[in-house]
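Asker: Based on the provided sequences and hints, a complete structural model is requested.
There are 4 protein chains.
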Amino acid sequence: MYTYKTVIKLHDTDAAGILFFSHQFEIIHDAYESFLEKVGVGFPVLIRKKNYFLPIVHAEADYKSPLFVGDRITVEVHLAHVGTTSFTFTYRLLNSKGKLVGTARTVHVTTDKKTKKKIPLPADMRQAIKKMRNI
Amino acid sequence: MYTYKTVIKLHDTDAAGILFFSHQFEIIHDAYESFLEKVGVGFPVLIRKKNYFLPIVHAEADYKSPLFVGDRITVEVHLAHVGTTSFTFTYRLLNSKGKLVGTARTVHVTTDKKTKKKIPLPADMRQAIKKMRNI
Amino acid sequence: MYTYKTVIKLHDTDAAGILFFSHQFEIIHDAYESFLEKVGVGFPVLIRKKNYFLPIVHAEADYKSPLFVGDRITVEVHLAHVGTTSFTFTYRLLNSKGKLVGTARTVHVTTDKKTKKKIPLPADMRQAIKKMRNI
Amino acid sequence: MYTYKTVIKLHDTDAAGILFFSHQFEIIHDAYESFLEKVGVGFPVLIRKKNYFLPIVHAEADYKSPLFVGDRITVEVHLAHVGTTSFTFTYRLLNSKGKLVGTARTVHVTTDKKTKKKIPLPADMRQAIKKMRNI
Chain P
1 MYTYKTVIKL
11 HDTDAAGILF
21 FSHQFEIIHD
31 AYESFLEKVG
41 VGFPVLIRKK
51 NYFLPIVHAE
61 ADYKSPLFVG
71 DRITVEVHLA
81 HVGTTSFTFT
91 YRLLNSKGKL
101 VGTARTVHVT
111 TDKKTKKKIP
121 LPADMRQAIK
131 KMRNI
Chain X
1 MYTYKTVIKL
11 HDTDAAGILF
21 FSHQFEIIHD
31 AYESFLEKVG
41 VGFPVLIRKK
51 NYFLPIVHAE
61 ADYKSPLFVG
71 DRITVEVHLA
81 HVGTTSFTFT
91 YRLLNSKGKL
101 VGTARTVHVT
111 TDKKTKKKIP
121 LPADMRQAIK
131 KMRNI
Chain B
1 MYTYKTVIKL
11 HDTDAAGILF
21 FSHQFEIIHD
31 AYESFLEKVG
41 VGFPVLIRKK
51 NYFLPIVHAE
61 ADYKSPLFVG
71 DRITVEVHLA
81 HVGTTSFTFT
91 YRLLNSKGKL
101 VGTARTVHVT
111 TDKKTKKKIP
121 LPADMRQAIK
131 KMRNI
Chain U
1 MYTYKTVIKL
11 HDTDAAGILF
21 FSHQFEIIHD
31 AYESFLEKVG
41 VGFPVLIRKK
51 NYFLPIVHAE
61 ADYKSPLFVG
71 DRITVEVHLA
81 HVGTTSFTFT
91 YRLLNSKGKL
101 VGTARTVHVT
111 TDKKTKKKIP
121 LPADMRQAIK
131 KMRNI
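Protein chains in written order, with our numbering: chain P, 1 to 135; chain X, 1 to 135; chain B, 1 to 135; chain U, 1 to 135.
Below, in silico cross-link-like pairs of lysine-lysine (DSBU-like), each with a Cα-Cα straight-line distance of 30 Å or less:
1. LYS5/X to LYS38/B
2. LYS49/B to LYS49/P
3. LYS50/U to LYS99/P
4. LYS50/U to LYS113/U
5. LYS50/B to LYS5/X
6. LYS5/P to LYS5/U
7. LYS5/B to LYS50/X
8. LYS116/U to LYS97/B
9. LYS131/U to LYS38/U
10. LYS118/B to LYS50/P
11. LYS49/B to LYS38/B
12. LYS50/X to LYS113/U
13. LYS118/B to LYS131/B
14. LYS118/U to LYS99/B
15. LYS50/U to LYS64/B
16. LYS130/B to LYS50/B
17. LYS130/U to LYS5/P
18. LYS38/U to LYS97/P
Simulated from the structure, these hints should not be mistaken for lab results.
Answerer: Right, here's the structure in full:
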C-alpha cells in the first residue's frame with residue numbers, strides 16, 4: 001500500500017459547496033503519479049523514454065461523504081490486479097479522522113506508443129508496480 | 001434520450017496527447033447540466049431555489065478510443081433508472097464518425113440541503129427527469 | 001472580431017458560488033481555439049503538422065461581475081497586435097444582457113518545436129490570424 | 001514571504017506537452033490558500049464564518065520557461081500592497097534548480113457577502129495577511 005496526502009483546494013469544489021465529483025479522479029491520479037515516481041517509472045520517464053503507454057480504460061468511484069475546501073485527505077493506493085496486458089489500482093480516501101470518505105478503481109492497459117495497440121505489460125513496469133508490496 | 005454536442009479542448013488533454021480521463025466525467029456532467037436546464041431544473045434553479053440537492057454517489061466510465069484536441073463529440077444521455085431516493089443516468093460518447101468512443105454512468109441520490117440526509121426524490125425532479133422519454 | 005458562445009458549467013464554479021478565476025482563462029482559450037479552427041490552423045493541425053508552437057508568455061484578466069453556473073456568456077476575440085515573433089489577443093466577456101463582465105489578454109510567441117527557441121511568426125499563421133479582420 | 005511547494009501533475013499539462021497556462025493560476029491560488037490557512041483565515045473559515053469575501057478582480061501571469069509533468073516547483077508568495085478595500089499578492093515560481101520559471105499577481109477586493117458591495121478590508125483579515133512579514 002502506498003499513501004499520499006493532499007488537501008481539497010478551492011478549485012476542487014463547486015457551487016454546491018463540495019468536491020466536484022470528477023476531481024476525486026484527479027486526486028487519485030495524483031496519488032498514482034506519486035507512486036509511479038517513487039518506484040522509478042514516473043510520468044516524466046513514461047512520456048519521454050518509454051515506447052509504451054498506460055491509458056486508463058475503466059475508472060470508477062464511490063462518494064461516501066461530502067468533502068469541503070481545506071479538508072485534509074489521505075489516499076491509500078493498492079495494487080489490486082496485474083494481468084498480461086493490464087493492471088488495476090484501487091484507492092481509499094480517508095479524512096483527517098480516518099473515516100472512509102470515498103473509494104476508486106482504475107484499470108490500465110499497456111499500449112505501444114506508435115501502433116496504439118495493446119502489448120504485454122513490459123517487465124520494467126511489471127517490476128515497478130509490484131514494489132507496492134514492499135512499501 | 002438527450003443529445004449534447006461538444007469539442008475536446010486543449011485543456012481537456014494532457015501531455016500524453018489525449019483526453020485526460022477525468023475530463024470525460026466533466027463532459028458527461030456538462031451534458032447532464034444541459035439536460036436539466038432543458039427540462040426546467042437546471043443548476044441555477046437547483047442551487048438557488050430548491051431545498052434538496054442531487055449529489056453523485058457513484059460514477060464510472062469506460063474509454064474505448066483515445067480522444068484528441070479538436071475532436072467533435074456527441075454525448076447521448078439516457079435515464080437508466082429512477083428509484084425512491086436515487087436515479088441513474090448512462091452516457092454514450094460518439095465521435096464525428098458515429099463511433100462509440102466512451103461510456104459512463106452516474107448514480108445520484110436526493111438529499112435534504114440542511115440535514116444532508118437522504119430524502120425521497122421530490123415530485124418536481126421526478127417529473128422533470130422523466131421528460132427524457134419525450135425528448 | 002470573432003465571437004464565441006458558451007455557458008458557465010458547474011465545474012467552472014467553486015464553493016464561493018461563482019466562477020473560479022482561472023476558469024475565465026480556460027473559457028477565453030476555448031474561444032481562441034475555436035477561432036484558430038475557423039481560420040484553418042486549429043490545434044489538431046498545430047500539434048500534428050506544424051514545426052512551430054505558440055506558447056502563451058503573458059496572460060491577464062479583469063473580473064467585473066461574478067458569474068454563476070448556467071450564465072450564458074459571449075466572448076469577443078480581438079487581434080490586438082501582430083509583431084515579428086509574437087501576437088496578442090484581447091477578449092471581452094459579455095453576459096446574456098450584453099453587460100461586460102470580464103476582459104482578458106494573452107500574448108503568444110512563436111517557437112520552434114525542436115529547439116524551443118523563438119522564431120519569426122510563420123507566414124501561414126500570420127495570414128490565418130489576420131483573417132480576424134474579415135470575420 | 002511565504003513559500004509553498006508542489007509538483008506539476010499530468011492533469012496540469014496539455015497535448016503540447018507543457019503546463020496549460022491557466023493551471024499556473026490554480027497553483028498560485030493553492031499557495032495563497034495554504035498561506036491563508038497558515039495565518040488563521042483559511043477558506044473553510046472564510047466560507048463558513050465570515051460575512052465578507054475576497055474575490056479576485058485582476059490576475060496576471062508571465063511564463064518564462066515551459067513546465068513539464070513531474071517538475072518540482074516552489075511558489076514564493078509576497079504581500080505586495082494592502083489598501084483600504086483591496087490587497088495584492090505577487091508570486092514567483094522557481095523550479096528545482098532555483099530558476100525563475102514564472103511570475104503572477106492577484107488583486108483582491110473585500111466585498112460584503114450579502115450585498116456583494118465593496119467594503120473596507122476587515123481588521124481580522126488585515127492583521128492576518130500582514131503576518132506575511134513575520135513568516
